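Participant: What follows is the residue order along each chain.
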Amino acid sequence: MRDLRVTFPAQGVRIPVVDGVSFDLVRGQTMALVGESGCGKSVTALALVRLVPPPGRIEAGSAIRLRDRDVLAMSEREVRGIRGRVCGFVFQDPMTSLNPVFTVGDQISEGIRAHFDVPRRDAMARAEQLLTEVGVGDAAARLRAYPHQLSGGMRQRVMIAIALSAEPDVLIADEPTTALDVTVQAQILEVLDHLRASRGMSVLLITHDLGIVAGRADRVAVMYAGQIVEEAPTAELFARPSHPYTQGLFASVPRLSGPIQRLNPIRGSVPPPTAWPSGCRFRPRCPIVHPKSEQMPPLLDVAADHQMRCWLAGDSRP
Amino acid sequence: MSPTAERDGSSVLLRVTDLVKYYRSGGMFAAKAPPVRAVDGVSFEISRGETLGLVGESGCGKSTVGRTILRLQPPTSGSVVFEGQDVFSLGREPLRALRRRMQIIFQDPYSSLNPRMMIGAAIAEGIEIHRLLPKHAIASRVASLLEEVGLDPSYARRYPHEFSGGQRQRIGIARALAVEPTFIVCDEPVSALDVSVQAQVLNLLADLQQQRGLSYLFIAHDLAVVRQIAHRVAVMYLGHIVETAATETLLADPRHPYTQALLSAVPEPDPAAQRNRIVLSGDLPSPSNPPSGCPFHTRCFHPLRSERCRTELPLLRPVHGSLVACHYAEVSARAALADTASDEPAAAR
Chain W
515 MRDLRVTFPA QGVRIPVVDG VSFDLVRGQT MALVGESGCG KSVTALALVR LVPPPGRIEA
575 GSAIRLRDRD VLAMSEREVR GIRGRVCGFV FQDPMTSLNP VFTVGDQISE GIRAHFDVPR
635 RDAMARAEQL LTEVGVGDAA ARLRAYPHQL SGGMRQRVMI AIALSAEPDV LIADEPTTAL
695 DVTVQAQILE VLDHLRASRG MSVLLITHDL GIVAGRADRV AVMYAGQIVE EAPTAELFAR
755 PSHPYTQGLF ASVPRLSGPI QRLNPIRGSV PPPTAWPSGC RFRPRCPIVH PKSEQMPPLL
815 DVAADHQMRC WLAGDSRP
Chain F
3 MSPTAERDGS SVLLRVTDLV KYYRSGGMFA AKAPPVRAVD GVSFEISRGE TLGLVGESGC
63 GKSTVGRTIL RLQPPTSGSV VFEGQDVFSL GREPLRALRR RMQIIFQDPY SSLNPRMMIG
123 AAIAEGIEIH RLLPKHAIAS RVASLLEEVG LDPSYARRYP HEFSGGQRQR IGIARALAVE
183 PTFIVCDEPV SALDVSVQAQ VLNLLADLQQ QRGLSYLFIA HDLAVVRQIA HRVAVMYLGH
243 IVETAATETL LADPRHPYTQ ALLSAVPEPD PAAQRNRIVL SGDLPSPSNP PSGCPFHTRC
303 FHPLRSERCR TELPLLRPVH GSLVACHYAE VSARAALADT ASDEPAAAR
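Chains W and F, in that order, are what the protein sequence lines are. Each residue of the first sequence is one higher than the last, beginning at 515 in this note's numbering. Each residue of the second sequence is one higher than the last, beginning at 3 in this note's numbering.
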């Protein structure tokens with residue numbers, strides 16, 4: 515993805531909600547997009563397969579390539595073909611994506627038959643395999659269950675099975691465990707990680723929770739106000755969070771270990787897209803006053819393979 | 003944060019004994035359906051100026067405990083003594099007077115604010131109902147409450163929809179403080195907030211406790227949040243408290259297998275701190291059909307688990323400085339697992 519810009523109309527003009535986002539998904543790796551509500555992380559993921567809801571619009575100059583194909587140049591028919599087939603989705607709340615009046619087996623096999631020309635019976639057998647693969651015990655019996663008969667964690671496994679039904683290369687998981695309890699969350703993250711490794715899928719993990727990222731992602735991009743403000747391999751980012759916003763996020767999170775200190779929150783709150791300031795978007799909340807902050811900083815190198823959108827990066831290097 | 007408060011008899015503000023709350027399941031077959039055992043014999047105390055964290059996963063009954071203590075819903079049995087008064091036997095008028103001293107703040111303050119009422123009026127409501135101040139003094143009191151929770155006093159003339167989630171939670175807190183309570187039930191007050199705002203609200207609650215000597219029952223599912231604010235923690239599972247201890251004791255040396263699993267599942271934002279995760283197998287049993295004996299026995303991974311766990315409900319008893327409801331709490335299931343990890347890969351990964 516290169517220079518993604520997505521706008522929505524507001525007050526008679528088009529307001530950007532995603533503003534120049536670029537990243538690469540590597541086969542067999544997990545990339546995390548981290549940020550607070552309204553930072554544009556979910557819209558970025560939807561844009562990957564042109565699912566930005568109208569009146570939202572992907573602007574000219576954006577470029578998205580999936581498996582060497584130009585997604586933005588495709589016809590509506592072609593893009594429908596890659597949804598699911600190349601890129602599967604798992605959302606936060608499985609109950610809203612599952613149809614309450616069809617059994618789990620119907621819904622998974624429907625996904626399979628939408629992409630592969632197989633008889634219903636074969637599709638059901640495949641659905642059973644998929645359920646087993648995502649860790650559902652007694653899959654044959656569960657195929658006959660309706661969504662309301664399942665727990666939240668079980669429903670999310672069904673959603674993952676549906677996303678897998680078209681054998682995608684990329685799995686986009688948008689806050690997949692936010693609605694789940696921690697012990698269930700651990701189970702679901704385990705399933706996703708297992709699938710990534712066993713199928714060589716790329717996973718784009720969208721989350722607000724730095725804790726989830728620490729254990730699971732290969733790379734992290736931190737988003738703020740429609741932009742990536744810091745990006746690095748996970749270990750590097752956690753060892754050396756450099757952007758003042760990333761540092762502020764870390765200082766805001768209560769920990770289970772180490773001394774208990776008063777939290778040091780970022781002041782103020784995330785501005786809506788209509789109120790993004792000029793220059794550096796984090797400027798009004800930043801503890802550091804930089805002489806150049808009235809100009810928008812580009813992504814600058816902090817270290818090898820570690821960049822941030824902050825003028826401080828330029829200062830610390832010759 | 004401050005060390006555990008003194009807990010001699012005189013400083014106890016709230017004492018909950020054997021609290022039980024069953025819900026009759028609704029519908030036309032209600033008479034035949036087994037009740038939902040939301041809270042099944044819960045006891046604890048909270049001292050003046052102390053925060054007790056009540057932790058557990060959804061459906062464990064923690065919110066029901068908070069609401070039943072305040073008599074927002076009738077208990078099935080048990081007793082609650084607050085400031086020396088038996089809450090469940092109070093008549094209408096004394097209960098109203100008592101409610102002023104016990105307040106609650108919710109996860110989503112928006113749903114408890116009237117969208118057509120300016121927030122100044124919403125904060126003043128309690129002061130008026132309890133006739134705490136003469137009419138002319140109310141506006142300045144509202145202004146000082148807004149300042150106390152970090153909001154501009156001019157916001158009194160705005161409507162709830164004009165505020166962000168964090169600001170609404172501050173309004174909810176100001177509203178609770180307006181009637182000068184000594185005790186506040188905080189029911190998942192920061193769960194819906196972004197992390198940067200969550201930290202602001204946690205700091206505010208800690209400051210208010212210090213300045214006003216408030217006691218909190220802090221209900222949450224996030225152990226890291228609870229550690230930040232609570233002096234003691236009680237862990238709930240299927241309507242029972244399975245372990246309770248001073249916060250640092252519980253986190254450093256969890257004794258109940260469920261507490262150990264819960265702790266190991268919390269994702270820590272530190273790659274070096276990724277411990278051996280205990281991934282629990284199976285789902286939470288239904289509270290309308292709970293397991294016999296120990297409520298956790300169907301998912302337990304303790305190497306000593308036995309027939310006794312299936313038949314005999316373990317009671318809270320002192321083990322290594324904590325109160326633990328496990329027949330085999332002297333042996334740490336987690337440590338035993340680590341020793342035999344190669345033999346028993348089923349429960350731990």
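In case anyone wonders, no lab produced these hints; they're calculated from the structure. All values derive from a computational prediction rather than experimental measurement. We put the beta carbon where it would ideally sit given N, CA and C, even for glycine. You may find that some hints are simply not true.
[Unchecked claim] Quick look at which bits of chain W chain F covers, simulated, 3 or more residues with Cβ under 8 Å:
{"id": "1", "segment": "682–689"}
{"id": "2", "segment": "727–740"}
{"id": "3", "segment": "757–764"}
Participant: Against each hint, give a clear statement of whether it holds in the structure.
Facilitator: Status of each hint after checking the structure:
| no. | hint | verdict |
| --- | --- | --- |
| 1 | 682–689 | violated (count 0) |
| 2 | 727–740 | holds (count 3) |
| 3 | 757–764 | holds (count 3) |
Checked against the numbered hints above, the structure violates only hint 1.
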